[in-house]
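Undergrad: Each chain is listed here by its residues.
Number of protein chains: 2
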Amino acid sequence: MTAKVAINGYGTIGKRVADAVAAQDDMEIVGIVKTRPSFEAKIAQDKGYALYAAAKENIEDFKKSKMEVSGTLDELLDEAEIVVDATPGDTGEEYKKLYEKHGVKAIWQGGEEHELTGFSFNSEANYSEALGRDFTRVVSCNTTGLVRVLYALDTAFGVKKARVTLMRRAADPNDIKTGPINALIPDPIKLPSHHGPDVNSILPHIDITTMAVKTSTTLMHLHALNIELKKKCTEDDIVNVLKERPRIRLVSSKDRIKSTAEAMEFAKDLGRPRGDMWENVVWKDSIAINKGELYFFQAIHQEADVVPENVDAIRAMLEIEKDGASSIKKTNKALGI
Amino acid sequence: MTAKVAINGYGTIGKRVADAVAAQDDMEIVGIVKTRPSFEAKIAQDKGYALYAAAKENIEDFKKSKMEVSGTLDELLDEAEIVVDATPGDTGEEYKKLYEKHGVKAIWQGGEEHELTGFSFNSEANYSEALGRDFTRVVSCNTTGLVRVLYALDTAFGVKKARVTLMRRAADPNDIKTGPINALIPDPIKLPSHHGPDVNSILPHIDITTMAVKTSTTLMHLHALNIELKKKCTEDDIVNVLKERPRIRLVSSKDRIKSTAEAMEFAKDLGRPRGDMWENVVWKDSIAINKGELYFFQAIHQEADVVPENVDAIRAMLEIEKDGASSIKKTNKALGI
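So the sequences go chain by chain: A and B. Just add 767 to wherever you are in the first sequence, counting from 1, and you've got my numbering. Just add 767 to wherever you are in the second sequence, counting from 1, and you've got my numbering.
Please note: incorrect hints may appear among the correct ones.
You can't tell identical chains apart in this list, so a pair holds if it fits in one copy or across any two.
[To be verified] In silico EDC-like pairs for lysine to aspartate or glutamate, Cα to Cα no more than 16 Å straight-line:
| no. | residue 1 | residue 2 |
| --- | --- | --- |
| 1 | K1021 | D954 |
| 2 | K1035 | E867 |
| 3 | K1100 | D792 |
| 4 | K997 | D901 |
| 5 | K823 | D841 |
Just so you know, these hints were derived from the structure itself, not from any lab.
Pulled out of the complex, with its shape left as it was, chain A reads as follows:
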């Protein structure tokens, strides 16, 4: 028995989650939903995914593009056990009613508020709390990246406080409408930023504040972390904890990975689909303990790091696998992490 998964919204995240789900042996894609024809919809069909229109009025558009659709979202929801909602943000409430009507479980992305589902998910930090749930939100790329390291460090040494600056990519690589081309934008200007509270939706006890700035780049986010730990430890202790985590990749500037651009080139050379880096990229040679405080840099591939988390969330919510570590292992193995 394989779990029947629908993908509503086949953009940056949706298409990646679809492929990651298809790569697992305990789940399958029963259909993907798009509002409009596009090169992505065509490639999806070539891959064998059943294509559904978001609504009846969209079907004509697909016909004009000579694309056959299997039906509408409504019809797809009758086939699926769970839907991964990767539609643009702020449509959550509306779709939630629809999913409830069809008795389908649903996973949203970080663009939606915690309140929509009352539960925010990270594979390593709270898998067991997701077991059997109807609705879950996989937190954003930045929050996922922060939770991965903070959970690891908190478990090993206790995190007294974390002060993080997030240098955000301003637009995704395929986005031709967004700027800035040449500027730095404090965003939000009101401090601290909302990213800290978002981490608290999963790790409520951690004292974390964040400041975020949009930068003129498309490739990855970069985090500058300053953390006070409860237990005294060395730089080697930190390396040893982080290198054991399933979704943290330690790199070194000595290997000529000195920037987000080289980290992305590295993912491509690894043969990753779409050149995706699913793991946090932590610079080993940036890890420093100074006056008892920890410092390091990590890069987060905004298009990719939440993808394996979505796969694990499916397994937890459908109770295919009770143990988080086993699901993570399974997901990672199927993807080749």
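With the hints as your guide, set chain B onto chain A.
TA: Just chain B, lined up with the frame of chain A:
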């Protein structure tokens, strides 16, 4: 009597310091030094600055470009009381010997190490210590920007510790050789960065650490500051302290200054020469006290913020003015700050 100032190196900083010196009524430019002819050298002559070649072997080059030179650096040094050295970094030791030979005082920029002069300068923090000195180093743009706010906050409330992320412009606007076009580069990768210790060359008692990242932009640096203060205070207290400082400009995103790009446009609209922003640009609406810690953003125009500091350093070293506040006032008035 006006002080006779030479400018050695007429690039990004040198040309700006020359104009700022020329704008004062107690000092004058006796000559500027270039190694090669360029549009900048031609404009300098149009402005009435006497042009000197760095060495005899460079004179031929100027002749070929039909530019008349008044002599060489050696000859200029016999005319000058003080030289502002804005040559590319790491030539300090060599030139120092030359200046000593000619009995000329000298000011270097932040590209040189503190050790070259044994004294690092900031107008507000240590003007009086520069009085009568032969050699002084005006700290870098980033350090100048940090010292301005830290000195102000330390004087008013005491700084317990400062944790700062520096998002650096990767290249100046006229630099066509430097990247990255699309990446974030932790630089230096080794943490904390050298900017903290550089602040300590002026404010040795302040606990400051810094992390620095090169970003794909040319306009300004952006600092994300997290500061613990000794005295309890409100956001209004912070605003009131910063707005009284002579080289801090408070801006607000409500006035549509939301980024470094708009901060630079603001400087242009103010009618500033070359569109220069000599002051720290501090976002008033970013100033926040959260759990007893202070947070804010500031932008630093890397081409400009050290310019008024160079003028004040001249006045201190030649003892034209004994009082720092009076010199700052004079410099600011002449520039129109």
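Undergrad: Against this structure, judge whether each hint is valid.
TA: Here is what the structure says about each hint:
1. K1021 - D954: between (32 Å within a copy, 13 Å between copies)
2. K1035 - E867: Neither: 40 Å inside a chain and 56 Å across chains, both beyond 16 Å.
3. K1100 - D792: within (11 Å within a copy, 74 Å between copies)
4. K997 - D901: neither (36 Å within a copy, 49 Å between copies)
5. K823 - D841: The answer is within: 9 Å in one copy meets 16 Å, while 84 Å across copies does not.
Going down the numbered hints, you'll see the structure goes against 2, 4, while the others check out.
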